[in-house]
Amino acid sequence: MNTIRKRLSFNLLLAIGAITLATGIIVYFWSKSSLENLFNSRLLSNADTLINLTEVDKSRIEFEYENEIMHNYRTNGSEFFEIYQTNEKIIAHSPSLGNLHLPFILPDSNEPIYNNLKLPDGRIIKTATIRYSPRYEDSNRKNNENLEAVLVIGSDRKQLDNSLAAIKLVVIGCGALLFIAIPILVNFIIKRELKPLQQLADQTSKINVNTLNLRITANNLPDELLPIATRLNESLARLEQSFEHERRFSSYVAHELRTPIAELRAIAELIIQYPDTQTTETDRDILNIALHLESIIQKLLTLSRAERAELQINTEEINPLQFISNICQNYEKKIKRRNLSINLKIPPDLTLVADSTLFKSIITNLIENAVDYAPERDEITIEINSENSASTFKISNTARDLTQKDIDHLFDRFWRKDTVRSPSSHIGLGLPLTLSIARILGLELSASLNSNSKIVFTLSNLKTVADELHPVS
Amino acid sequence: MRVLIVEDSTRLREALSTYLRRNGFAVDTATDGDDGLFLAETNQYDVIILDLMLPGIDGISILKSIRKSNNKTSVLILTAKDSINDRVLGLETGADDYLVKPFALEELLARVKALCRRAYSDKNTRIIIGDLEIDTVARKVTRSGKVIQLQPREYALLEYLARRRGHIVTRTEIEEHIYSDENDVMSNSVDSAICVIRRKLAEANPAPIIHTHRGLGYELSIK
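Quick note, the sequences are listed as chains A and B, same order. So that you can map any letter, position 455 of the first sequence is 455 in my numbering, and since no number is skipped, the others follow by simple counting. So that you can map any letter, position 148 of the second sequence is 1148 in my numbering, and since no number is skipped, the others follow by simple counting.
Just chain B, with the same shape it has in the complex (with noise of 0.2 Å):
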């Protein structure tokens, strides 16, 4: 999952993205309102957490302009702003989600998590296809009742896969919702993180999961 944050705090911006980077997501940065709508424009990502008080364009302006350009983007609001009617305006204006600040990273990313849910439309947080099963909560991936070991990106990888079920996925698609613009993402990333992933599953049950669509991408579903 691709997150955006937009924070001109560098101390709290930081934290933040290595807490969601440890937590699997792939996360950019933007420290003020113009980098943050460039970004939110020109990239695809499944949650933006927006600062409403920035340098430059503010908050409920970039969050004005990407609805605007019909952009669906989950929006998180990460503010200090704390009034009843900071909170409406910030919702009325087309943010999913409002969390004032301080706050605790574990809320966050329930929230964040959440949010990316139900851009796949499903709230539920056990994903299970055949004898696979994710735990989107506990970032847990069992096979014929074995765990599986993934590192972060591997999760993410195959939990985007499994949100996406029956339905092939590009590798531009995983690129741009695994790897962040900071990550530099090798002609062969994707392939090598499917190949390292359907080494772990057929560990458990050797029977083929993710199926490669030659020219077209990857499926994850039971033939």
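Bound conformation, chain A alone (with noise of 0.2 Å):
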């Protein structure tokens, strides 16, 4: 019962059925209501003749017989009167009554009684009695005389109660016949219209975790369930990027600490079964993969923290031109090692506002990065460009074997570009831990890769001291 078409069919058979129900019943009274009344009338028209004929003459009353009106009273006929003074003695009475008498009352007023009653051979008619004064004869009426008397007019109702069931026939066929088909144009016409809603929910049934890549077909959904389609594949969108970006996590997160636990592992295992084996170097080959896990633990619980926005800032003015000379210094020997050249191009008096802990972090990463993965020979140009009360930091060096969906996955965790494995300092943590820290700080930080085949990052919103500014030229 808890489906839609169920819960709707069933509401609108009830409807239906009391609809239904209801019009038959107001259609069968409504007809014998009508088919009474004409009834009544016909009796009334006829009574009106009879009355006519009654007059009072010489302070009796009397019914003249027209022989063309008695016809239709004759013996054995449907029609029957009685005509009674006010006394009850009888003026009057047709031919078709023979022995039998109608009831006599007196009505209080000129309004017709009906009534119904059967005939000791089985008929049943309707009499209607009605109190009336006869005509006078103009030179008969005696002062103030008013002679009154009573018509019983009666006619058999066969014909009337054949209609009245034949009414009530039609009226309880139609009923059952709705009775059959309601239900079943009521289920057609709702199970047609319900397609859609049943299609949508057919299609949302088959997705899950696996098949994330599935859509709603939108084509043919009427406009009251095409906003949920949409929105529905706008979240499925959503959320496979997001499994995607977990399960690409996850898997970076299990090569990374696989390896080093592989290294450890057959590091032991060697040990433990060939003793002699154990030397200074490999105790210190532990220790560093050891170190190397710590760093890595240490390097996601710090991203974790920086996304959660734990991290304390702490603003103060930098001189960006000695505080990035300072780091490159820390790399000094990598650089001449690999033949690398840094060309800076940071006005001498610019002032930066930023935490300088943070903004350390950020800088020493991109420059390492630069340092790391740069061809050997290749030129680093770290720049920073003012720009009202706002400052944008560049740096870039070559990156030949970055493609453009490379650039795209650069702040993943964890990602690396295969190709790229060495130097083994690198496991895939610092740019994203950079991009979580830059937007602690307020900056925006993208990656681009231009035509020369320059990777080149981009640090903006850099909060500049306003009266110290000095654009590059």
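Calculated from the structure, these hints are not laboratory results. Be careful, since some hints might not be right.
Not the full set, but computed from the structure, chain B residues with beta-carbon under 7 Å of chain A [said to hold, decoys possible]:
{"id": "1", "residue": "R1011"}
{"id": "2", "residue": "L1012"}
{"id": "3", "residue": "T1018"}
{"id": "4", "residue": "Y1019"}
{"id": "5", "residue": "R1022"}
{"id": "6", "residue": "G1024"}
{"id": "7", "residue": "N1070"}
{"id": "8", "residue": "A1080"}
{"id": "9", "residue": "K1101"}
{"id": "10", "residue": "L1105"}
Owing to the predicted nature of the structure, the values given are computational and were not obtained by experimental measurement. Glycine included, every Cβ here is placed at the ideal spot set by N, Cα and C.
Could you fit the two chains together into a complex? Lean on the hints.
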């Protein structure tokens, strides 16, 4: 019962059933009332004729039998009448009654009183009892004399009852037909009209964690369901992206942890089986693996804290030229070894406002990446451009192996291009961590690949001390 | 048996090569894809242990290259990639086995031995030739019920001859399968080793079982 179709069918059937039943009852009783009124009118019309044949002559009420009219009241006929004086004395009576008498009632007014009665032969007739004043022969009326008579006129109601029975039969027959037809029609219509909803439900039920690539087909959907399908498809796309992101992250985590664990396990098993293989070098290896694992976990925790914005921010003024030069000095040996050169394009008296610890973390990471991944003899360009109260930091180096698709994944946790595995100190957490820290500082970090195969990291929205703006020419 | 390990992690590569050498294998190593492909195409190995994510040429490309050149050496992929897709790709490219890091050294050894047995179409772990019995799992040799103590390389040589029993095995073949590039193979190294094995086997039963075919090589059989 807990489906829209069943509930809709039940309620519609209930409503249509009630309306049909009420309509049937109304039709029957309206027809009955109309026919009864028609019957009564005919009785009254006949009564008028009979009343016109009644007159007072010499203080005596007399009824004039007219053959033409009396034809209707012949013996064994279906029309009856009896005229009484108010003292119940019979004045006239139709041949159709034979020895029978219609019951005398003295109405209080001129309004007719209707009755049904059963004749001894089984026939049921309807009677109208009318109190009236017969017309006077003008010359015969005594002063203030007002004689009254009572006409009881009746008619066999067999035809009326037959008509009513026929109407009842038709109404009940139609009711029965509708009782069968309506549920079939209602079910058919509801099923047909709810088909798009059923299709939507069928398509939705096929979607699970493994089929997030499926989409709801919006073609032929009614307007009411179109927004649902559209929003559902949008949610699915986001969900798929999120699942893919998490799946990739889990895969990267597993991969980054598997190799050091494999190293640790292999060295440990080797030493246990062949104790003579244990040397100072193997001990150092074990320590280095432990430190590497610790570094991964530390970075993951910092990343998690950064993503939850739990890092404290203490802003201060920074001279970026000096600040960045100091960081570059830390990589002097590596820069020399790889024959790299650094081109600094930073105004000497520019002052930025930032949290020096977090800002250092961002710049260090970007410079370290450039120094480690730039090809030998490459030039790394670091520049800061100022405009109004904001500055933009850019660092670029050659990256021939990277494609635009790789750029889209650069900030994914643990992402590393397979062919760019070395140096091993990079585990693919630096850039996502840098991005999270940049966001905390209200900065925008993006990467792009220019036509010269140079990767450019851009850090924008850096706050500049307003009175010390020195745009780079 | 000669094994090539292509693995960029120095620690893992060294631990693996030490372990396999201690278990009687001749081991060559390569730190990147280019060296790995060169060694695989130059030397004859019984098994190649291949990492997938390598500097230079990646593992799958190496596998494709050696299979394209009709090299039927058994390849065991040793990688941190554990997805079904990666496994299917590796095996469908031509790998004979797939092992995910981290792993137990014993399991790796068992898989390498199984691949060696498969290379010689021999699923049995016990080789019996007359009164000589070699248990390739326990690496135990007995003759006439007496246990013969052999050095790892001596055992490797005897097992290699036993796997090719009834066939003449040349000195070059023995050198290629028993000695790695790192070993300085003297001109009489094989002859000396054969001599030592014969002496040790004769202690249990003086009947000769390793026969010299002058100018051709050696044959292990009962005549």
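To see whether the hints hold, each was checked on the structure:
no.	hint	in the structure
1	R1011	holds (4 Å)
2	L1012	holds (5 Å)
3	T1018	holds (6 Å)
4	Y1019	holds (5 Å)
5	R1022	holds (6 Å)
6	G1024	violated (13 Å)
7	N1070	violated (27 Å)
8	A1080	holds (4 Å)
9	K1101	holds (4 Å)
10	L1105	holds (5 Å)
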